[in-house]
Amino acid sequence: MMRGRVAYAGAIHEAYPHEHGVRLADGRVRREDEVVWLAPIEVGTIFALGLNYAEHTKELQFGKQEEPLVFLKGPGTVLGHRGVTRRPADVTFMHYECELAVVIGRTARNVERENAMQHVAGYMISNDYAIRDYLENYYRPNLRVKNRDGGTVLGPWFVDAADIADVNQLELRTFVNGTRRQYGNTRDLVTGIPALIEYLSGFMTLAPGDVILTGTPEGVVNVNAGDEVVCEIDGLGRLVNTIASDADFGRA
Amino acid sequence: MFALADHLLHLEGDALPREMDAHAAAALLARGIACRAPVGGAVYGTLLNDRAALAALGDTVNAAPYKAPPKAPVLYLKPRNTFAGHRARVVVPDDAPGVEVGASLGIVIGRTATHVSVEHAADYIAGYTLVGDLSVPHTNVYRPNVRLRARDGFCVIGPALVAARHVATPDALKISVSLNDAKPPFTANTASSLRNVAQLLADVTDFMTLDAGDVITLGVPHGSPVARSGDTATLSIGTLPPLVVSFAGAQRHNGEPS
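Just so you know, the protein sequences line up as chains A and B, in that order. For the first sequence, numbering that gives the first Met the number 0 gives the first residue as 0, with consecutive numbering after it. For the second sequence, numbering that gives the first Met the number 0 gives the first residue as 0, with consecutive numbering after it.
Please keep in mind that the hints were generated in silico from the structure rather than gathered at the bench. You may find that some hints are simply not true.
Once the Cα atoms are required to be at most 20 Å apart in a straight line, the calculated SDA-like pairs of lysine to any residue come out as [unchecked claim]:
{"#": "1", "chain 1": "B", "residue 1": "Lys70", "chain 2": "A", "residue 2": "Ala88"}
{"#": "2", "chain 1": "B", "residue 1": "Lys70", "chain 2": "A", "residue 2": "Thr91"}
{"#": "3", "chain 1": "B", "residue 1": "Lys66", "chain 2": "A", "residue 2": "Arg131"}
{"#": "4", "chain 1": "B", "residue 1": "Lys70", "chain 2": "A", "residue 2": "Asp132"}
When you get a sec, could you build the whole thing from the sequences and use the hints?
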């Protein structure tokens with residue numbers, strides 16, 4: 000089942016795909032652009048993986064890692080489908096990152112990888128922006144790069160794990176203004192989902208609603224104000240975001 | 000919006016936090032009650048904000064992997080599994096030498112703070128609380144280390160959230176941490192912060208919004224003491240009610256659901 004969360008006519012609704020757009024839980028059917036899309040779930044802790052696709056790691060010129068590169072993100076970064084993300088005027092390299100987002104459904108503590116998938120509720124598409132101009136080598140990637148307002152786009156749907164036949168064979172694609180720029184497959188994850196859950200739950204408790212952004216494949220390019228960025232993952236839909244300028248945010 | 004007039008405590012066993020004056024809070028705490036964290040928003044830690052911490056890095060900031068001194072605030076998340084309250088028992092990992100007990104001033108946000116100026120930063124602060132920011136000691140700060148910073152119970156908050164009007168000089172507060180009441184305690188002062196409270200809020204909210212109920216720490220003092228299993232730490236900052244944390248060894252129960 001695919002579920003979204005939208006604001007419409009003064010309330011927040013659960014919503015489902017419909018041939019004419021989107022169907023609200025109360026039965027109303029509306030066009031996709033008539034509603035405001037929120038992240039499909041209210042997220043708990045957000046984990047993100049760096050350097051978790053072999054080719055992307057090569058692209059960024061990093062060697063083999065001793066343990067997964069995990070960092071955390073705050074709730075203010077979350078943005079829904081069809082949202083707008085600010086690009087500061089003074090930067091030269093801001094890029095999208097199409098990622099498979101794994102949503103935890105059951106509390107996990109000291110879970111072994113053989114049992115890890117029982118703790119997964121489902122999946123979403125994530126577009127996790129970074130601004131490389133702001134990279135500094137302290138707790139890198141630092142929050143100014145990866146924890147910006149509106150920098151973590153989630154949706155449009157939360158898809159039940161049972162609906163995805165093989166989560167290790169999903170294609171990821173990113174299009175900038177209609178041109179495909181990024182392409183990968185979840186089969187190339189350096190640390191796979193069961194191993195990530197085993198690793199994280201080995202030292203901390205994971206709770207329902209926690210989200211693991213599993214990393215991005217190669218093919219990141221700079222985006223500019225006005226660009227439309229679309230991330231797709233097989234079976235999860237199509238996540239749209241638009242880049243906006245400082246002026247749009249009253250910072251000219 | 001998160002308005003606060005006095006002292007907010009969430010007593011263990013109570014459904015909700017309650018507000019009281021300093022005398023009532025002190026009387027309750029003197030009875031040895033345990034508390035939950037008085038706030039439930041996102042908690043952000045600030046790294047290397049103590050001048051002594053940066054000084055200790057010395058010239059290594061110019062060498063690999065750092066290559067330059069830090070410019071923007073260096074932040075990290077303390078996720079919800081780390082939240083604990085006054086008199087919490089925290090597990091020292093089997094494979095760690097101990098747990099560093101960082102006593103930090105927690106700045107509690109009172110209303111949505113986006114792109115705020117230094118001049119107006121105080122308007123966004125509801126109050127202050129003590130944050131026992133725990134970590135497994137580590138000297139390499141190139142990569143964010145969730146395994147060492149985000150273990151269960153590693154962010155002990157409280158016991159009280161104290162309204163800003165009761166904390167006249169947040170940038171000049173004495174910090175102390177004692178293990179098992181040993182004397183003299185470890186001491187530090189918020190005055191040694193590279194960025195003071197207002198500057199930190201301005202620099203952070205330039206790129207990320209802080210919401211009402213969120214907490215950002217001013218940062219833990221350099222050289223904070225390391226607690227071992229069996230130790231009890233007492234943390235104090237200025238006149239905020241002291242925070243007590245005890246440390247225990249890891250216990251594994253066979254057959255306990257994971």
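Exercise. Taking each numbered hint in turn, which are not upheld by the structure, reported in ascending numerical order?
Worked result: none
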